[in-house]
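Asker: Sequence:
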Amino acid sequence: MERPDGFLKLIGREIKSSGLYQSTNSGDAYMDNDVKEIVLESWNKWSSDYDSYYPHTIKSAKEDLEWKNTLKKLVGNKVQNILDVGTGTGFLAIDLTEMGHKVKGIDLSEGMLKEAERKAKDRNLEIQFVIGDVEELDEPDNSYDIVINRFILWTMQYPEKAIREWTRVLKPGGRLIVIDGMWFDKKLSYQVEKFLGNLLILFTEFKNPWKKTTYFEGNLKERLPFTKNKNACTVNLIFKKCGLKDVKVTELVEVEKEEKKVMSLKELLLNPYRKIVIEGVKPE
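In this note's numbering, each residue carries its 1-based index in the sequence shown increased by 40.
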């Protein structure tokens, strides 16, 4: 899934144009039950050019190699039965299948899955992609060796519910692997770098990078817990709360190093965030 800045703007436009957005005397609001519908519609519309944005797709052979090395360390050499939840355009599912694992990809967005299927076909890979809600999986208990995802937690209305669901379908001894980023960490150095990146846009592209549709953001962030600074570093705590053991957090140092080598100055400044991996084991 996408780094959130651009997507938040897109959701804002969808909310405003839909009949689901409401303005009240106590402030702007929208119906809680329809948040997922709005997010889904936005992902479907964005699916065709999703991979053109940083950091969704591989930009160099060395970056591809580092991702595969990272996944090999995370998943191991033994053939595993893997569920990729929120597969999007199939980044993880495709890499893991090429490594010899049996992978099923689930996503709520039909548009994203069409892109995933197209990419898999181009590589002559057989991967099962299905439409499904990753917060309410239509999967039996104790059925997967590994459940994995990449950059989707910030889109979850109920991340703890999702993590419990992912844990449910793991076999005893199975592992949950969440690849994420510190997208909403308000670290001062991140804010400075983003400010400089916006200045670069202002003076080289003659655009106002601070002009945003902010009428919805406060309400949206109330519905999406991981868009809040205070929750940016708490995924490991939710893992433990959901009963997972041997929980650890590591940084994707080598992957980031290769990503940055092919990024423009603007991309470097606007994307200072650390990428991390959170792992946990379902008790036997």
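Treat the hints as calculated values from the structure; they're not laboratory data. Treat the hints with care, since some could be wrong.
[What the hints assert, rightly or not] Estimated spans, in silico, between C-beta atoms of each pair:
id, residue 1, residue 2, range
1, E176, G213, 21 to 27 angstroms
2, L277, K301, 30 to 36 angstroms
3, E307, E166, 33 to 39 angstroms
4, K142, L240, 43 to 49 angstroms
5, E176, A101, 28 to 34 angstroms
6, K306, S183, 42 to 48 angstroms
7, K161, K102, 37 to 43 angstroms
8, G213, M303, 35 to 41 angstroms
9, E166, S229, 29 to 35 angstroms
10, P212, E176, 20 to 26 angstroms
11, K161, G140, 42 to 48 angstroms
12, W250, K227, 24 to 30 angstroms
13, E262, K301, 25 to 31 angstroms
[To be verified] Result set (BS3-like, lysine-lysine): computed pairs, CA atoms no more than 25 angstroms apart in a straight line:
id, residue 1, residue 2
14, K297, K281
15, K102, K226
16, K226, K300
17, K113, K288
Glycine included, C-beta positions come from ideal geometry on N, C-alpha and C.
Asker: All hints, please: hold or fail.
Answerer: Structure-based check of each hint:
Range check, E176 to G213: Cβ separation about 24 angstroms, and the 21 to 27 angstroms hint holds. Taking 30 to 36 angstroms as the suggested C-beta distance range, the pair L277 and K301 conforms, at roughly 34 angstroms. As the Cβ distance of E307 to E166 is approximately 34 angstroms, the hint placing it in 33 to 39 angstroms holds. For K142 and L240, the Cβ-Cβ distance of about 45 angstroms falls inside the hinted range of 43 to 49 angstroms, so the restraint holds.
Restraint check, E176 to A101: a C-beta distance of roughly 39 angstroms breaks the suggested window 28 to 34 angstroms. Range check, K306 to S183: about 44 angstroms between beta-carbon atoms, so the 42 to 48 angstroms window is met. Checking the proposed 37 to 43 angstroms range against K161 and K102 shows it is violated: the Cβ atoms sit about 26 angstroms from each other. At roughly 39 angstroms, the beta carbons of G213 and M303 sit within the given window of 35 to 41 angstroms.
At about 45 angstroms, the beta-carbon gap between E166 and S229 misses the expected band of 29 to 35 angstroms. Between P212 and E176 the beta carbons are some 22 angstroms apart, a value that agrees with the proposed interval 20 to 26 angstroms. Taken as a hint, the range 42 to 48 angstroms is violated for the pair K161 and G140, whose Cβ atoms sit roughly 19 angstroms apart. Here the CB-CB span from W250 to K227 is close to 20 angstroms, at odds with the stated 24 to 30 angstroms.
Distance hint for E262 and K301: a CB-CB separation of about 38 angstroms, inconsistent with the stated range 25 to 31 angstroms. Distance hint between K297 and K281 is unfulfilled; the C-alpha atoms sit about 33 angstroms from each other, more than 25 angstroms. Of the pairs offered as hints, the one joining K102 and K226 is violated, with about 30 angstroms between alpha carbons and a cut-off of 25 angstroms exceeded. For the given pair, K226 sits about 21 angstroms from K300 by alpha-carbon distance, which is consistent with the 25 angstroms threshold.
For the given pair, K113 sits about 14 angstroms from K288 by alpha-carbon distance, which is consistent with the 25 angstroms threshold.
Going through the hint list in order, the structure does not satisfy hints 5, 7, 9, 11, 12, 13, 14 and 15.
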